[in-house]
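Student: The residues making up each chain are set out below.
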Amino acid sequence: MNLDFAQLVPSIPYILYGVWVTLQFVAVSLVLGFLWGTVLSLFKIGKITILRWFADAYTSIFRGTPLILQMLLIYYAIPQLTGVDIGAFTAGVLTFALNSAAYISEIIRAGINAVDKGQKEAAMALGVPYRTMMLKIILPQAFKNILPALMNEFITLTKESAIVSVIGALDIMRRAQIVGASNYRFFEPLLLAGLVYYLLVMLLTLAGRVLERRLAKSD
Amino acid sequence: MIDVNSLKKRFGSNEVLKGITTKINKGEVIAVIGPSGSGKSTFLRCLNLLEKHDEGSIKIEGSDIRSMEVHLRKKVGMVFQHFNLFPHLTVLENVTFAPQQVLKVGKKEAEKDALELLSAVGLSDKADSYPSNLSGGQKQRVAIARALAMKPEVMLFDEPTSALDPEMVKEVLQVMKNLVKTGMTMVIVTHEMGFAKEVSDRVLFMDDGRLVEDQDPAIFFENPRTERAKAFLEKVL
Ligand SMILES: Nc1ncnc2c1ncn2[C@@H]1O[C@H](COP(=O)(O)OP(=O)(O)OP(=O)(O)O)[C@@H](O)[C@H]1O
Ligand SMILES: [Mg+2]
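The listed protein sequences correspond, in order, to chains A and B. Number 187 in UniProt numbering belongs to position 187 of the first sequence; there are no gaps in the numbering. Number 34 in UniProt numbering belongs to position 34 of the second sequence; there are no gaps in the numbering.
This is chain A alone, in the form it adopts within the complex (with noise of 0.2 Å):
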């Protein structure tokens, strides 16, 4: 086995800027999958069935095809069906928002359901609406419950956004490939692309449990 690191150092910076966009990707992607999936989870929960049933086909249908096919569609078919070239990173965005807003609406409405019952009850009894009870009353002690599970979405959502890559998108994923193709050594650059992913979500699990702990202080 002959490893040659040398030869990766000039391209350490460029590779390492991929962690920057990166987490760009997957933080856009988060907000915009949670905001989603806020909706989604409302529409679950509601008493309005055909919501409800959008709501359900859209999560089965994000959850049973492969992520991988769900971007490419949306990468080929937004521009062959409006004519706007979106790009890869908006392509690799808005699949990932769509996909983990199936996820996270799952989190959020056993998150929902896990608050005690008594809680809507007794907003119920002072009159209270259903909008500001949800808002004020029920999704803030939901979201609080389901920390743990977004922060493992999060992560999963990083390690998984190395598929942006098959669409261009310049990720750390993408950066290591195009070193290795142009010193025709996969190997090294790889291998480090694998360190700086690993130590991504240690970091996440890491800020989690912080976070977590900061709010298990408060109860």
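Derived by calculation from the structure, the hints in this document are not laboratory data. A portion of the hints provided could be inaccurate.
[Said to hold, decoys possible] Distance windows between CB atoms, simulated:
(1) Leu51/A / Ser132/B: 30 to 40 Å
(2) Arg10/B / Ile48/A: 23 to 33 Å
(3) Arg225/B / Lys117/A: 54 to 64 Å
(4) Asp165/B / Leu215/A: 20 to 30 Å
(5) Leu51/A / His71/B: 25 to 35 Å
(6) Leu23/A / His71/B: 43 to 53 Å
(7) Lys117/A / Thr21/B: 56 to 66 Å
(8) Leu51/A / Leu237/B: 48 to 58 Å
(9) Arg10/B / Trp53/A: 49 to 59 Å
[To be verified] Examples of chain A residues lying across from chain B (beta carbon under 8 Å, computed):
(10) Ala114
(11) Gly118
(12) Gln119
(13) Ala122
(14) Thr132
(15) Ile137
The C-beta atom is built at its ideal place from N, Cα and C for all residues, glycine as well.
For chain A, the structure is supplied; the task is to place chain B with the ligands on it using the hints.
Tutor: What follows is chain B with the ligands alone, placed relative to chain A:
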């Protein structure tokens, strides 16, 4: 003020209220007692639409409660066995939440009212605490203050002391006694027979979804008319 007529409620095929008819007058204190599963909570919950009845009617001051959902909630306050305080809000925020959100009272005014109510239940010093830092008795007193903040005309209590350690029962009953003195109309589901006897104007004894006795407490506790009430009292006294 509240007129209940042939009230029936089913959960699936299980008929839980089998035709309840009674009247609650303004300023009256009603104790609702009866064995577990007899439908006491369901009856109470029907009074403020937490459960929708299937047959019969409930009228408050002449209007059917089903036509006045939000308005009804403003008139009728409820205190639960398990307090149901909002854990992510401070005691003060718990009390000011509904007046601000529902009655659109300004923050300053809502807080002033809330502090008065908290002082009336002996908890002025806990205004900034979170519910998790309170004892059960304190929580229930906050819950009473929270319901009173909506300035209701009727207060419903569903076993307000059943989840409390014995040493905390008294402080909550004391707060309720003070409330009786203000002339509040109250419907209280309770297993505290001494308390029921002392404060109530009427006892409703329920068994198996029916109102078996509607009686003056002195008479009910000394000399119940029905066998079922006798058997129940023998068990609990
Ligand atoms: N949401 C519900 N769904 C189905 N059945 C219910 C529901 N709530 C109550 N019941 C049933 O209705 C009957 C009466 O219940 P309820 O809670 O009114 O009794 P209770 O007199 O308050 O009893 P306890 O003293 O134990 O509180 C019980 O058989 C109970 O199982
Ligand atoms: Mg009950």
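Student: Are the hints correct? Go through all of them and say.
Tutor: Results of checking the hints against the structure:
For Leu51/A and Ser132/B, the hinted distance range of 30 to 40 Å is satisfied, since their beta carbons lie about 35 Å from each other. About 25 Å separates the C-beta atoms of Arg10/B and Ile48/A, a value consistent with the hinted range of 23 to 33 Å. Range check, Arg225/B to Lys117/A: about 38 Å between beta-carbon atoms, so the 54 to 64 Å window is missed. The given range of 20 to 30 Å is respected by Asp165/B and Leu215/A, whose C-beta atoms sit roughly 28 Å from each other.
Our hint of 25 to 35 Å for Leu51/A and His71/B holds, since their Cβ atoms are close to 28 Å apart. Our hint of 43 to 53 Å for Leu23/A and His71/B holds, since their Cβ atoms are close to 51 Å apart. About 30 Å separates the C-beta atoms of Lys117/A and Thr21/B, a value inconsistent with the hinted range of 56 to 66 Å. Distance hint for Leu51/A and Leu237/B: a CB-CB separation of about 54 Å, consistent with the stated range 48 to 58 Å.
Range check, Arg10/B to Trp53/A: Cβ separation about 28 Å, and the 49 to 59 Å hint is violated. Here the hint on Ala114/A is broken, as its CB sits about 13 Å from the closest CB of chain B, past 8 Å. The criterion of a C-beta within 8 Å of any C-beta in chain B is met by Gly118/A, whose closest approach is roughly 4 Å, and the hint holds. Evaluation of the Gln119/A hint against chain B yields a held restraint, the C-beta minimum of about 6 Å falling below 8 Å.
Annotation: Ala122/A was flagged as interfacial toward chain B, and the flag holds, the nearest CB pair being 4 Å apart, inside 8 Å. Interface hint status for Thr132/A: upheld, as the beta-carbon distance to the closest one in chain B is roughly 5 Å, under 8 Å. Checking Ile137/A against chain B: minimum C-beta separation of about 6 Å stays under 8 Å; hint holds.
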